[in-house]
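Asks: Residue strings, one per chain:
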Amino acid sequence: MTRLRVMTREVAAGIDLTRQVPDRDGVAWLQAGDGLVGLGSAVRIDAGQGPQRFAVASDRWAALVDAADVDDPVGVAGTGPVALGSFTFTDDAAGSSMVVPTTIIGQRHGRAWVTTVTSDGSAPPTPRLPTARDLPPPQADRPRYAGASVPDLLWLEAVAEAVKRLTRGDLDKVVLARDHALWAKAPFAVAGVAARLAARFPDCFTFIDRGLVGATPELLVRRLATDVTSIVLAGSTARSADPARDAELAQALLASAKDVFEHRLAADSVEAVLGPLAPDLTRTGPTLLQLDNVTHLQTRLHGRLFGGSRRLTALDLAGGLHPTAAVGGTPTAAALGVIRELEGLDRGRYAAPIGWVDGRGDGEFGIALRCAELSGARARLFAGAGIVAASLPEAELEETRVKLLAMQSVLGDV
Amino acid sequence: MPDSAQHGQPPALRGPDAALAAALTDRGGVSVLLTLDELADSAQLSVPLLEALVREGLLVPRVDDPPRFAASDGAVVTEGLRLVEAGVPLAELLDLARRTDAGLRAVAEHAVDVFMRFVRDRVIGEEADGDVAAARLVAAFDTMLPATGRLLSSHFERLVVEAARARIAAESDQGRTA
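Taken in order, these protein sequences are the chains called A and B. Quick note on the working numbering: the first sequence kicks off at 1 and runs consecutively. Quick note on the working numbering: the second sequence kicks off at 415 and runs consecutively.
Source of the hints: derived by calculation from the structure; they are not laboratory data. Don't be surprised by glycine CBs; every beta carbon is placed ideally from N, CA and C. Take the hints with a grain of salt, since some may be wrong.
Said to hold, decoys possible - Quick list of the computed label-pair ranges, beta carbon to beta carbon: (1) B:A500 <-> A:A377: 22 to 32 Å; (2) A:G48 <-> B:A578: 45 to 55 Å; (3) A:G48 <-> B:R519: 50 to 60 Å; (4) A:A377 <-> B:D527: 51 to 61 Å; (5) A:A377 <-> B:A520: 48 to 58 Å; (6) B:A426 <-> A:R144: 33 to 43 Å; (7) B:R496 <-> A:S240: 25 to 35 Å; (8) B:E540 <-> A:A244: 47 to 57 Å.
As the list claims (entries may be wrong) - Okay, derived cross-link-like pairs now, DMTMM-like style, lysine to aspartate or glutamate, Cα gap no bigger than 20 Å in a straight line: (9) A:K185 <-> A:E373; (10) A:K258 <-> A:E373; (11) A:K258 <-> A:D170; (12) A:K258 <-> A:D268; (13) A:K185 <-> B:E585; (14) A:K258 <-> A:D242; (15) A:K164 <-> B:E465; (16) A:K258 <-> A:E161; (17) A:K164 <-> B:D451; (18) A:K258 <-> B:E470; (19) A:K185 <-> A:E248; (20) A:K258 <-> A:D172.
Just chain A, same shape as in the assembly (with noise of 0.2 Å):
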């Protein structure tokens, strides 16, 4: 049985998260200065596949806590042993996982820390704050394009056979998916894109796993002891340079039936799993949510865990909402089955959950969204629709095309 050997130590706050980040092997979960980066690799915990994934994380990660020995005087959420990582959108997939880093540097609300792990019994090394690194400069090259795994037409027409089921009752919403496979002549600095994003889009969660980098604004779960909040984020709108227009839009948005059925509908399948965990839950929403690119409606889901509930950790919460109408759709199986059929797409981690939790359960967990997956020269970009019986196969094509227009220009210039 591996233990693991912890220790926290205070550090003077104020760190640039985004210059502690590795170009290789590291992980990282950031939003507005704040947040974890983590270094090496003390433990991984493969989840394996199959509906179970998240559970058996949760069973590894509660053994190795219980065994851990912790030094963390700091004793705040994110402290002590952490784990971070990322799990994929369907069951039967490979690439679930999580990681326990040898070194974690974290930051929240004007408190910072670093925590040294290891796990061959020796005592890990005294916590400091590594040296920052130099950003790595912007991409040389441009990201070219290399294709998608479903041609446009045929996406096209898969949201179009998708609109006829939902017009027949068939289920009321789905999520279909499309990607961009590109292409450089140099390799994509991890690092370097982290830290635009973050610096674009200071509200989201930036997050790094496994090549897998991106900035989602939906926070699938966050739970600080026992209180519990998600963000809902679906219908979406272009934003306007001109600020009279940018208001129509946003005003526009609010007032669309089809933007706020889809949005209920995923604000109503977190409140279904928060619900019961939290009778106090509250539901705020949808207002507007207005990011570097585009508008998002937004619900904020927040409430008290209750009874045996405040035993489940952030990674619990997150495998029981995953996937919420959000990424999936509405039936859940349903609508799973739609995207298995009609999407032609593999999701990999894209739309699933990623984010952290620590030794008593505290974490966050956002959905994979505006994301990219890193190797070396080559990436793959997705970007996802909400497709409900008003949609028209050609807008939700354009929703799409504009959103991987944004993520490939974080990636270089385009």
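Put chain B on the given structure of chain A with help from the hints.
Replies: Just chain B now, kept in the frame of chain A:
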């Protein structure tokens, strides 16, 4: 005030303008009209694609209620799909089509304005005989419409070639300095 104006309808056209309007109507006319499904069948095109093009205003029915299309409309869509076959993603092609539509509408309006002010007005002013004026107007229009199409096509093709040369040269320079 004429009855038609009182009822909010445009007044009936007379003389040379009526002849010109008739010529325009004939130009839009086709002998065989197809439903969208028939058009998809005959041109071996996807129904969802044609529906999308209609909603985008890029494929316009020759008659409405119910909408009917000319068989030649399918050939135009097939031309567009040759770009897709050559590698242009459909989403990008639709974006190009929207931009082209938006840009050309203003040019078309202006071209018609030029015709009305400098051709039609002059012909009507010169010809007292309405039938002769009508014949001159229709002949002028028949000459000018295809000529305009050829001019635009030729100019656009030249612009594309120029832009492509400049882009390729710029990329080559970047490659040398990288």
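Asks: For each hint, tell me whether it holds in the structure or not.
Replies: Structure-based check of each hint:
1. B:A500 <-> A:A377: 22 to 32 Å: The hint (22 to 32 Å, Cβ to Cβ) holds, given that B:A500 and A:A377 are roughly 25 Å apart.
2. A:G48 <-> B:A578: 45 to 55 Å: 51 Å, holds
3. A:G48 <-> B:R519: 50 to 60 Å: 58 Å, holds
4. A:A377 <-> B:D527: 51 to 61 Å: For A:A377 and B:D527 the Cβ distance comes to about 53 Å; the hint holds.
5. A:A377 <-> B:A520: 48 to 58 Å: The hint (48 to 58 Å, Cβ to Cβ) is violated, given that A:A377 and B:A520 are roughly 43 Å apart.
6. B:A426 <-> A:R144: 33 to 43 Å: Given a distance of about 59 Å, which is not inside 33 to 43 Å, the answer is violated.
7. B:R496 <-> A:S240: 25 to 35 Å: Taking Cβ atoms as reference, B:R496 and A:S240 lie about 33 Å apart, which means the hint holds.
8. B:E540 <-> A:A244: 47 to 57 Å: 48 Å, holds
9. A:K185 <-> A:E373: With Cα atoms ~17 Å apart, A:K185 and A:E373 stay inside 20 Å; holds.
10. A:K258 <-> A:E373: 31 Å, violated
11. A:K258 <-> A:D170: 17 Å, holds
12. A:K258 <-> A:D268: 15 Å, holds
13. A:K185 <-> B:E585: 13 Å, holds
14. A:K258 <-> A:D242: 25 Å, violated
15. A:K164 <-> B:E465: Status holds; Cα separation ~13 Å.
16. A:K258 <-> A:E161: 18 Å, holds
17. A:K164 <-> B:D451: 16 Å, holds
18. A:K258 <-> B:E470: 19 Å, holds
19. A:K185 <-> A:E248: 41 Å, violated
20. A:K258 <-> A:D172: 11 Å, holds
In this structure, the hints that do not hold are numbers 5, 6, 10, 14, 19, in rising order.
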